[in-house]
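Visitor: With chain E fixed as given, assemble chains W and R onto it according to the hints.
Below are the chains, spelled out letter by letter.
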Amino acid sequence: MSPPLLEVSDLSLGVQTPEGLLQLTDRVSFSIDEGEMVALVGESGCGKSITAMAIAGLLPDPGGVKVHGQVLLDGNDLWQGSDENWQSLRASTLSMIFQEPSSALNPLIPIAAQMAEVYSLKKLPLEPQRLQESLTEVGIPDPQRILKSYPHELSGGMLQRVMIAMALLLKPRLIIADEPTTALDVTVQAQVMDILKRLQREHGTSILLITHNLGLVAQYAKSLYVMYAGRIVEGALVKDFLHQPLHPYSHGLLGALPQLDGRPLKAIDGSVPPPTEFTEGCRFAPRCPHHQDLCQKIPPWKSRKNGQMGGYACILEETS
Amino acid sequence: MKVSELTSRRWRNFKSLRRAYISLIFLTISFLASLASPLWVNEKPLIFSWQGNIYTPIFSFYADDDFGGSFKTEANYRQLFDSPSFKKDLAWSIFPIISHDPLEQNLTGDEPPPHPPSTLHLLGTDTHGRDVLARLIYGYRNGMAFSLLLTLITGVLAIVIGGIQGYLGGKVDFLTQRFIEVWSSLPFLYVVIAIGSFMGRGFTMLLLVMAIFGWIGLSYYMRGEFLKLKNQNYVLACRVAGIGNRRIFFNHILPNALTPLVTFIPFAVIGGISSLTALDFLGFGLNPPTPSWGELLSIGLDNRFAPWIAISTIVALFITLLLTAFVGEGVREAFDPKGGQK
Amino acid sequence: MILQGKGVHCHYEIRGGLFGRIKGAVHAVNGVDLHLRDGEALGIVGESGCGKSTLGRALVGLEPLQKGEVLLKGKALNAKQTHQEEMEARRSLQMIFQDPVTSLNPRLTIFETLSEPMLVHGLCSKENARERVTKLLQKVELSSDAMDRYPHAFSGGQRQRISIARALGLEPKVLICDEVVSALDVSVQAQILQLLQKLKKEEGMAMIFISHDLAVVRQLCDRLMVLYLGGVVEQGPCQDIFNQPRHPYTRALLDAIPSLDPERPPKLLKGERPSAQNLPSGCSFQSRCEHSTDACKLPPKLDSSEYGWACHHPLAPNSQKT
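Line order of the protein sequences matches chains E, W and R.
Taking my numbering, the leading residue of the first sequence gets 1, the next gets one more, and so forth.
Taking my numbering, the leading residue of the second sequence gets 1001, the next gets one more, and so forth.
Taking my numbering, the leading residue of the third sequence gets 2001, the next gets one more, and so forth.
Isolated chain E, as found in the complex:
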């Protein structure tokens, strides 16, 4: 078993506010192997986006702070060493794609120039044939036309494909995709996810998929981690998870998800607490149907039974 490509251990992140340090995530730990697609699932305010930004080296500056923890990318500690070290590490190993392709691209510069910027920013020589290659890889039939176009001339789906092509230029081993299809139509979403899956299969690229869409997770990811209010509350292989979700929040999420067969929904009462109201004990307790006094303490991490990978953070036993 080779070591994981990305290993996040006990990562706690926060932001500096006028009132002091506000902690946003609490001891987040997960790992991604070579060629694997892992999903980080959660709703707004759970901390998945800032975790992704921290791994990509994009913590808000000023304000974003690593309180604790470690991220190892290919065995290298991302916070050790100089900024330059980090830059060159990230350049060849890691790439990121974002939710809104139209705001990630400069509207005044043609696509070809923006793609070329990737090279100049990392101080590497431009490889022009690579621009065309990566556009073809993402399924664009006429790369020459696209290279000459401006962002506003292209549709949302096309732009997202261009973003993926840009992310591929330096042949990264890990792509972080932060809600890559949320702003896209469902038919376009299928096309874009298909590209990501193909990359994974053909090039062994690992993908960290940040999403709130459990359908995408079920179809494309191998394993998933569920986040709630800054913590990971469950981690498992997707097939095990779908068969038997163990954390009450996971249950709640699946029950609240509208399905095409029209089965009635079970809403979760209440709402996600804001970071200023995070507690030491289980943060889901106020909304949990199995809420008990013991939940005031930090929930223990229990491993899944029957040799299954992963675990969940709850005092309840697996049979419930």
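Hints may be right or wrong, so weigh each one.
[Claimed, not checked] Okay, derived cross-link-like pairs now, PhoX-like style, lysine-lysine, Cα gap no bigger than 20 Å in a straight line:
(1) LYS2135/R / LYS2200/R
(2) LYS2198/R / LYS266/E
(3) LYS222/E / LYS239/E
(4) LYS2201/R / LYS197/E
(5) LYS2135/R / LYS197/E
(6) LYS2200/R / LYS266/E
(7) LYS1171/W / LYS1228/W
(8) LYS2075/R / LYS266/E
(9) LYS2073/R / LYS2135/R
(10) LYS2201/R / LYS2173/R
(11) LYS2198/R / LYS2173/R
(12) LYS148/E / LYS239/E
(13) LYS2267/R / LYS2006/R
(14) LYS2139/R / LYS2067/R
(15) LYS2200/R / LYS2073/R
[Claimed, not checked] According to the in silico footprint, chain W covers these stretches of chain R (three or more CB under 8 Å from chain W):
(16) 2184 to 2194
(17) 2223 to 2235
[Unchecked claim] A few chain R residues that face chain E, going by a derived Cβ cut-off under 7 Å, partial list only:
(18) SER2048
(19) ALA2215
(20) SER2275
(21) ASN2278
I should point out that these hints are in silico values taken from the structure, not numbers from a laboratory.
Every value quoted in this text rests on a predicted model; they were computed, and no experiment measured them.
By construction, the Cβ of each residue, glycine as well, lies at the ideal position given by its N, Cα and C atoms.
Guide: Structure of chains W and R alone, referenced to chain E:
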């Protein structure tokens, strides 16, 4: 007046920038004081008792012959208070702190004006022998009042014209925009000079002339804000609910559109003071002998051997504009959407 | 029939050139007929650019119609109405928008926002306004101490509830919901959907629910209308369409949704949507359809207003169930 929570939060943000808060307090107090300047910068006594009667020269007119003179014109209090016959019957008197009138020419003394600073004239006199400090204070009053009024008038005009443009859109917007383009291409300075030369150059006239040009820049912002805001969902919801145009304009859009306008006010005030000073410097502003900083600057730069004139004016101008800029910074800070809000 | 749209056409002109000449037009809505009965919920679905939002706004009068008309309780809604008639129409037809952040005036308290429509229509007086607003807040499951607070104190889901309460204040007969849950998290979305289901039952309101999310529409709607490039491609009872889509686009839409069953991967729809400026003649879907033939060069007609599809080669009724 009910203050919304949004406004009180902005006020707190403003106060958090110390220099802005202190500047605002200082400017307010000094402006109010300057408005009351006849009470404390005046060559007439505030109040005195003579021959058993109380006289208040600042509020009432007393003729020369009231005090034993032979003229029916206003008594010359300096001469009076110097003459022994008058002083014989004087019980007590209270003079303003700075007992000089900005228009009064002091041609006494051994040397011709301009006189350097002395105990009599704290900042010296100008070439006509007028007290510089008195002229600075009255000039401050005139300049600040002019600028505040100008800002008020241009602000109202900008809101009305820009707001109607933005809200109604279509032909109204199109035609008004063309009119504005023509209007704004008129050379402002020439028009001011031209109108000034045949309509006279009083305070009010100058104010009106500058106001009819000054609203243009602000109206662009208001037009933009109204165009943007009229498509906000809450405005659409009002339209769907059948709420009329006038109510939407005044109750919903206008309060939200004023935000950029408020951030402009301090800088508009700076602009107003600067414009007036520039016009006065060139001699096209307020009529002499009205006290004004521009005129003082002009005299000062013509008489560099009397540096106290120019230096005191420049320092006063610098401090005023700097403090106003601090207030502007504070207002920007107060309205910053990132500061203090979620 | 409480609401009807007949031959609704909305298009935007594109101006360009030196003198702002009209260069072309974006045909957002192309001849759509719709009808809604009392107490019924109609879903309008489609992807971006299909015209569903424009259609919703046209029904409410926020968008001008180039052709066609909208009838409320049989009376046409147009500019020739008297003020009285317009106000009455406004009371019956209300709309809720997608973005919870811009749906409420940030400078007004919740009480002011909720009481304004009622006061303007004379449905309550200044004295009993607070009482009425409390009742409205109860209907949307919010406590009355929300009244004196400002929008920024509330979450997205709560703000949508407030927007719903504002619409309910006028006691409308028809509520048009334009992507009202699309900006919300899954767990909050479920709460709002349950609220809408409850209101539909208790208030007996007719609803038009516009969304790009078919699973959400399934929860709420009795009938469904699928739009593509400004035209209706299929319409009918919700359950029937989900179980047996007849139009290839409806099928493609359903197939593209990633389901929770890993055994059923999404199917890709080839090609790109043509631009709404240059609508192809004939069937608008032919460039992407697997079954298209020469016959598709003629525009297909929607054969029935109750349950029909606009296709020359509709899918057979016993193709895979959803």
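Visitor: Of the hints given before, which are not true for this structure?
Guide: 4, 5, 8, 9, 12, 13, 14, 16, 17, 20, 21
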